[in-house]
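K.L.:
Make a model of the complete structure from these sequences and hints.
Just so you know, the sequences run in chain order A and B. Our numbering applies: residue 1 is where the first sequence begins, and numbers increase by one. Our numbering applies: residue 1001 is where the second sequence begins, and numbers increase by one.
Hints were generated in silico from the structure; no laboratory data involved. Any given hint could turn out to be false.
Said to hold, decoys possible - Straight-line Cα separation of at most 30 angstroms, DSBU-like style, residue types lysine-lysine; simulated pairs:
(1) B:Lys1313 - A:Lys140
(2) B:Lys1311 - A:Lys140
(3) A:Lys140 - B:Lys1118
(4) A:Lys303 - B:Lys1027
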Amino acid sequence: MSLTTAHSVVAPSANSKRIAGTIIVLYALISIVPLLWIFATSFKTPPDSIAYPPKVVFQPSIEGYCNLFTTRTRQTPEYINSLGPATGFCDETSRKRNMVIAGPSNFLPRFINSLIIAFGSTFCAVFLGTLSAYGFSRFKVPLADDLLFFILSTRFMPPIAVAIPIYLMYRELGLSDTALGMILLYTAVNVSLAVWLLKGFIDEIPREYEEAAMIDGYTRLQAFWRTVLPQATTGIAATAIFCLIFAWNEYAFAALLTSGTAQTAPPFIPTIIGEGGQDWPAVAAGTTIFLVPILVFTILLRKQLLRGITFGAVRK
Amino acid sequence: MLNRTAENVARATPEPLARKVRGISDKGLAWLFISPTILLLLAINIFPLFWAIYLSFTNFRANRPNEVVKNLGFANYQRILADQDIWIAMQTTAHFVFWTILLQTLIGFTLAWLIDRKFRGHAFWTTIILVPMMLSPAVVGNFWRFLYEPQIGLFAYAISFITRIPPTDIQMLSNVSLAPWSIIIVDTWMWTPYVMLICLAGLRSIPEYIYEAAEVDRASNWRQFWSITLPMALPFIMLAVLFRGIENFKMFDMVNLLTGGGPGSTTEVASITLKRQAFESWRTGYSSAFAIILFVAVFGLANIYVKALNKVKQR
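P.N.:
Given below as structure tokens:
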């Protein structure tokens, strides 16, 4: 006879738990395969990456990363032999393929653009969003519900539909293909999320704290600064990460409104080509570098995820 | 004694009037806090929207800015509603939205229902399942082109391994009948976790005592599922469907990189048509009119749906 602990009559049986667990683990493993494949491909050589059958075991190489950060030109073996000894691994591998490194590729500048635009727009959206959310949460604003709905409704537009007039407007204002233009646009898109999420977080902070602070002689502004903001830090951080992820991942506006100097990584990565087609190890390397920050953020955010993806409509 | 304390407290408490004297009034502060957001949205969203409405009545072409702009009245709208290609694009969009939502809801709800058994390690595996939805649809969609490659692609290889169809025959992206499914598969892979997460919140919101009462009444598990679990999780499922519906109606990035609307126009969803008209054929006026029609359609459908959702919630 086994010892049984007291448990509720409705708790799932051990057997049903085991079956549920197996199915979930199987689903999780299958759904993660494409991502593992990206990671694996980034460490393959170009011939290994297009081998049939697909290679699961292979000799790892950083050639993909070399190709991602450099541009190379094909040269004759005589010319390559006339050069001095190879400097570094990347130089050596490209020479083995009868290539010479011609210079840095555009990946790094595009990646830096992504960083500038994502962080710039996140800062602006969270700044504006916090102020508005506090305004809507604490004061009687005339037509508050209509204004909040108006803020949200700007998200119903298909991005291409917004892009047509924005394209014309930016052309007139000289904002086409500039980081400033992209920051303004992403701020406008993200501010709706920021207002809705932060209003939920600020609504949860009891008004009594501010009222107590104001009785102690603080002005409304000081009370906001000293009591509300410190307590909303978690909410602000979660909101900021959601805005950051959106701006980081955004493709449609970036593809249509930037072409050169302000282009971000998402429209750039698909254009990485080698000789005779896409250079998949280099694409995979770029994709890996691009995805890692998001993976870290997803793990940090997992408790707030639900709230973020439903605009604060569902809270736990 | 007690009275005097109350008096002192009253005297020490600043009147609303006194508060106004120090610093800004509440009303002023409210507007100071809200107006920057409203101004930004007016400049970046509303002004362009009105510009698009104006353009939709003209024959303006963005690649010929110096040409004389003619007012066409409702001609653009009439032409769109009579345009066979537009209706085909709308059908393609409807096909895509229908199947992605159906699959995501079925799989997502099932996963949530299983995770709710709270087996050991469920939190860890849930986080793993959630990863695909946080990634860039464009960057990941682009990589799926590699997985879909006949022969060398992992997807084609896995399918041919299971079905014994030669891997060169699995042309997911270039076969006319398979291409629409290639985008449905990637979208379902990416966004099922989203539906799952919302369904999970719904299942966890059902109080345990309802199940206990059903157990006392000797209701079968089947009966409990249909009369407790599903109806009580329904508002959450509907919310997930609303968010996915809007997003997939607007779908652009993933489809643009996977198939670009091809082969031919078999996967040309509304956003792709819009992009082709606006940024390849440069029919700015015409595409603005199409954009306005799409906006009204999403807005109208979402409004009707939200009303239905509220009815379900109130039941």
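K.L.:
Hint by hint, note whether the structure agrees.
P.N.:
Checked hints:
Proposed proximity of Lys1313 (chain B) and Lys140 (chain A) is supported: the alpha carbons are some 27 angstroms apart, at most 30 angstroms. Annotation: proposed proximity of Lys1311 (chain B) to Lys140 (chain A) holds, straight-line Cα distance about 28 angstroms (limit 30 angstroms). Of the pairs offered as hints, the one joining Lys140 (chain A) and Lys1118 (chain B) is violated, with about 43 angstroms between alpha carbons and a cut-off of 30 angstroms exceeded. Pair hint Lys303 (chain A) plus Lys1027 (chain B) does not hold up; C-alpha atoms about 35 angstroms apart against a cutoff of 30 angstroms.
Checked against the numbered hints listed earlier, the structure breaks hints 3 and 4; every other hint is satisfied.
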